[in-house]
Every structure is written in structure tokens, then in C-alpha cells.
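A.B. asks: Letter by letter, the chains look like this.
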Amino acid sequence: MAYSDKVLDHFKNPRNVGVLDKNKKNVGTGLVGAPECGDVMRLQIEVDEDSGKITDARFKTFGCGSAIASSSLATEWLKGKSVDEALSIDNMDIVEELALPPVKIHCSVLAEDAIKAAIKDYQEKNGITTEQAEDTPASA
Amino acid sequence: MDKTRLIYLDNNATTPCDPRVVEAMVPYFFEKHGNAASRSHHFGWEAEEAVDYAREQIAQLISADEKEIIFTSGATESNNLALKGIFEMYARKGNHIITAETEHKAVLDACKHLEKQGAEVTYLQVKEDGQVDLAKLEAAIKPTTIAVSIMWANNETGVIQPMREIAQICEKHGVLFHSDATQAVGKIPTNPRETGIHLMSFTAHKMYGPKGVGALYVSRKNPRVKVTAQIDGGGHERGMRSGTLNVPGIVGFGKAAELARLEMAQDAERLSKLRDKLEAALTKLEETKVNGNINSRMPHVSNISFKHVEGEGLMMTFNQNIAVSSGSACTSASLEPSYVLVAMGLGDDLAHSSIRFSLGRFTTEEEVDFAVEAVSKGVNHMRELSPIWEMYKEGVDLTKIEWSAH
Chain A
0 MAYSDKVLDH FKNPRNVGVL DKNKKNVGTG LVGAPECGDV MRLQIEVDED SGKITDARFK
60 TFGCGSAIAS SSLATEWLKG KSVDEALSID NMDIVEELAL PPVKIHCSVL AEDAIKAAIK
120 DYQEKNGITT EQAEDTPASA
Chain B
0 MDKTRLIYLD NNATTPCDPR VVEAMVPYFF EKHGNAASRS HHFGWEAEEA VDYAREQIAQ
60 LISADEKEII FTSGATESNN LALKGIFEMY ARKGNHIITA ETEHKAVLDA CKHLEKQGAE
120 VTYLQVKEDG QVDLAKLEAA IKPTTIAVSI MWANNETGVI QPMREIAQIC EKHGVLFHSD
180 ATQAVGKIPT NPRETGIHLM SFTAHKMYGP KGVGALYVSR KNPRVKVTAQ IDGGGHERGM
240 RSGTLNVPGI VGFGKAAELA RLEMAQDAER LSKLRDKLEA ALTKLEETKV NGNINSRMPH
300 VSNISFKHVE GEGLMMTFNQ NIAVSSGSAC TSASLEPSYV LVAMGLGDDL AHSSIRFSLG
360 RFTTEEEVDF AVEAVSKGVN HMRELSPIWE MYKEGVDLTK IEWSAH
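From first to last, the protein sequence lines are chains A and B.
Counting in numbering that gives the first Met the number 0, the first sequence runs from 0 upward without gaps.
Counting in numbering that gives the first Met the number 0, the second sequence runs from 0 upward without gaps.
Treat the hints as calculated values from the structure; they're not laboratory data.
Fair warning: this is a prediction, and the values are worked out from it, not measured in the lab.
Some hints could be false.
Stated by the list, open to error - If you anchor each label on the Cβ, the simulated ranges turn out as follows:
hint, chain 1, residue 1, chain 2, residue 2, range
1, B, Ala279, A, Asn12, 39 to 49 Å
2, A, Glu84, B, Tyr122, 11 to 21 Å
3, A, Ser87, B, Pro15, 45 to 55 Å
4, B, Glu335, A, Glu95, 22 to 32 Å
5, A, Pro100, B, Gly234, 23 to 33 Å
6, A, Asn125, B, Lys288, 54 to 64 Å
7, B, Glu262, A, Lys21, 27 to 37 Å
8, B, Arg19, A, Val16, 43 to 53 Å
9, A, Asn125, B, Val395, 20 to 30 Å
Positions of the beta carbon are idealized from the N, C-alpha and C atoms, including for glycine.
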């Protein structure tokens, strides 16, 4: 299968690979997917408590090229956004940006789940409950 | 890395057509274009003669009589003709067929089709090394069993089945033995009569011949086996497979068979050394596992799991230069990993992490060295990106995590 140039670019030069200290209160971690399914994404955000903006985002992904590109793109998009803005990232935005074919849409869904899971973790750690938080899917 | 370099290590998918085969085929497209069934003129006689010669070349490769070779469009058709043809022909004897979970889809799907027609099919589990359990096979035979269908060598792992032992069981119970020998013929000695196989499917394009032509060996004596035709028409191929013969393809198939007969031993010796070199180098990486019985395996195949690395992603790190196959079918909507590896008891996670390397007549040592370097680099790179590799390194028990399956 031929990948789009954008997928190839993210795959070859993944942005923001790495790990944030998950024990820090202002860091939210989302771990979604399963090894048996061939995809695991760990996405982390660090939130500036004064401004409420995401100052850093990191990922590591076990998966195919599209899964890696989707999570790499997600971290790029998250930086500088407020938590509420981040919650509005839709998987179809990722599909469009990376020109993912139908069989790879699940990669974008997983990236959206990872974002939501990371935010949920951050909010739970900080005692924030919002409607969005309750709507987020249950994740690892 | 050289961006334009292309190395083909996917010879189990298809082999390049040997230039000597191409050369033999070329005249049969224009100058010698006759229909082998045209009995009344020179063009037809010429084509028929070419087909007869190819049939001899192929029969010689497998030590069969040339009348036992039925030409088809490929191994998929041969498998369909064998299974469906037996089922119809021997309906009075019974309706039970025994096969294995690790067979090629051409066998499994033909069996599924037959189940809808009233067949009863037993899909044997295989052992962890990929071989059929002989005791289980024998225990599965019953009075209504008409045939056992077990492949000679597996396409994904290269594991060779205990063919002689299976044949002895079939003989003891008086059931037919069909084998999909697609991956074996032309690469290792395959003699159906001596082994005790009654029907054997194989194809040209896995042995340096052209695509679109295959054969079904059908034993003519002791026992005389017949299959009901699945394609009706002019009654070609002794009534078992109608349709104008693919003369250039058959000529190429014949030439490929001749070359295989003459060069098989040296190819196998050279390739097993290269395969062993590749395998030794790649299994030096941490947490790798060779899949399948290494003592009963095709000489040119290696199937390796690289733990905590997803196969398709790994392939993407080097597939601009190197062609291999992955046990992870992440391209399908179902996300199913290789059913062959799963049947061998590999977890889905390891099945997703596996790569099949299949070498061929045109593979060089230098290409293998290049591949080892590129694949090792890819594995290390993907592990740096892999959260589960990181967790494994930190001593996290991955089986204790509640993964959110999606």
C-alpha cells in the first residue's frame, strides 16, 4: 500500500517522541490500544497550570506507519492548545491531514482516543470534572 | 542508505521468471502461436509438441508419468480441482475431508465451500513447531473420510510436514492424500509416487516460471484417481480441465521444471547458508524468535518475530529497499494477524511482530548483508518508538495490563 507523503514524513521524522514524567500532577498520560491488535499508543500532555495551555506533548507508538504518523501529528497539534481546544480534535481531522485510506481510519480513532485519555488522566489528577471528561471513552 | 537499491526477499510470494525461461517462452507468442488442440495443421501440431515436451519436463521433476500432469491456471485452481473434484467423484464413499488450520486459503476456502455442499471437514490444529500431529490426524479418520489434504511446505514459515508418515496413515486407512506442494516443488525433491501422495498441486511462478500456469498431479495407477472436472468445455486434459492450454506459459513451466531439476540441489545448499547467515545475524537482536520447526524447514525461508515491534511499521523502515512480508495484516479492516502463526500458538502480539524472509535463486550474499543491516536498524528504531518495548525494558509485566482492545 502506498502511503501519503505526509504519513511518510511523520514516519521518518516523528515529532515529539519520548516520555514525560507521569507522576507530575500537570502531566496527563493516555495509553490506548492493545499489542494483540497491533496498535498501542501512549500519548502524554503537560499542561501549564496558569494558562491552562498544553506546553508539551510526547508519544510512543507500537504500530504501523499510519498509527505512528497519527500520533506524531496529534502531539504537534496539541502543543499550544488549551485543554478544551484539544478535546475538539476529531479523528477525521487527522484522516484528512494525513490522507489516510479507509483501512487506516482506526489509527486516527486511536489517536483521538489517546488524546482524550491523556486529558482525562490530567483532569482526574487535578480534580477537574467537565462534561467532556465524562464523555471520553474508557481507556487504559 | 542507497535509495534506489531494491532487494527482493519475498520469493515465497512469487519468484522472478528466470531469463532462460523467458527465452524459451518467447517464440510461442507469435511465430509458434498455435492452439495445442488444433489437430489438423502445422501450428496446432507444433503447439501440441511443445506442450508434450513441457509435460515431460514437469513429470521428470516430480518423477511422475506425463499422463499424470493436468495443467491448470495455477495452484489455487489445482487445489480447488483436487478438493472439489474428489468430493464429487467419491461422494459415494463419504463426505469427510481432513486438513490443517495452517493450510493456504486456497485449500481452506475450497473446504469451506464444500462444507456448504454437505462436506464434513476437520481442520487439524498443528503443533507449536507448525507440524501436523500424526496421532491427531490418524484419530480424525473415520469410515466416511475420503481424503486428507496437507501442504508439503508452509508458505509463511517454510515448515515441511512429515509427508511420508502422513501418507502411511492415509494408506493404512485407504483414504486419498492430496498435498498443496506449491512452496516445495522445484525447491526440494518432491516425488509424489514414492512418498504416497495421490494428488499434488503446484505452480510455475514459485519456481522461476511464469504466473498463470500450474498443475495438478493425479495418480494414474495404484491407485487410479479421478477427479470431477470443475471447468467444462472442450474436454482438454483428459476431461479433467477444459480450456485452451496456455502454451507459452506451459513451455515456460516446463523449462522452469528442467532448470529446477538440474539446479535445485546447488540452489538449496547456497540458499540455506545465506538463510542461516541472515537468521543468525537477526536473532542476535534482543527478544527475537524464529517461528517453525528449524529442523524440518525449506532451505530459503526464515520467519522471525521481533518482540514489541509491529511488523508493518517495521517493514516501512526499509521497504523502499527491501521486499519482505509481514505476519501482521494491518491493512485489512479486520486487523487480523497471520492465522498460520496464531495456529502455531504464537500470541496475536508476536504474530503482529513477525517478518517472513524468503530468499531465491537470484539472491546474493551481499544483498543478505545489506538486508541484515537495514532490518536491524529498523528494529532498533521501532523499539525506540515503541511504548511496550519501553515498558518491557522497565520490567512491566505486559500481560497484567488491561489493554483497551479496539
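A.B. asks: Against which earlier hints does the structure fall short, listed by number upward?
C.D. replies: 1, 2, 5, 6 and 7
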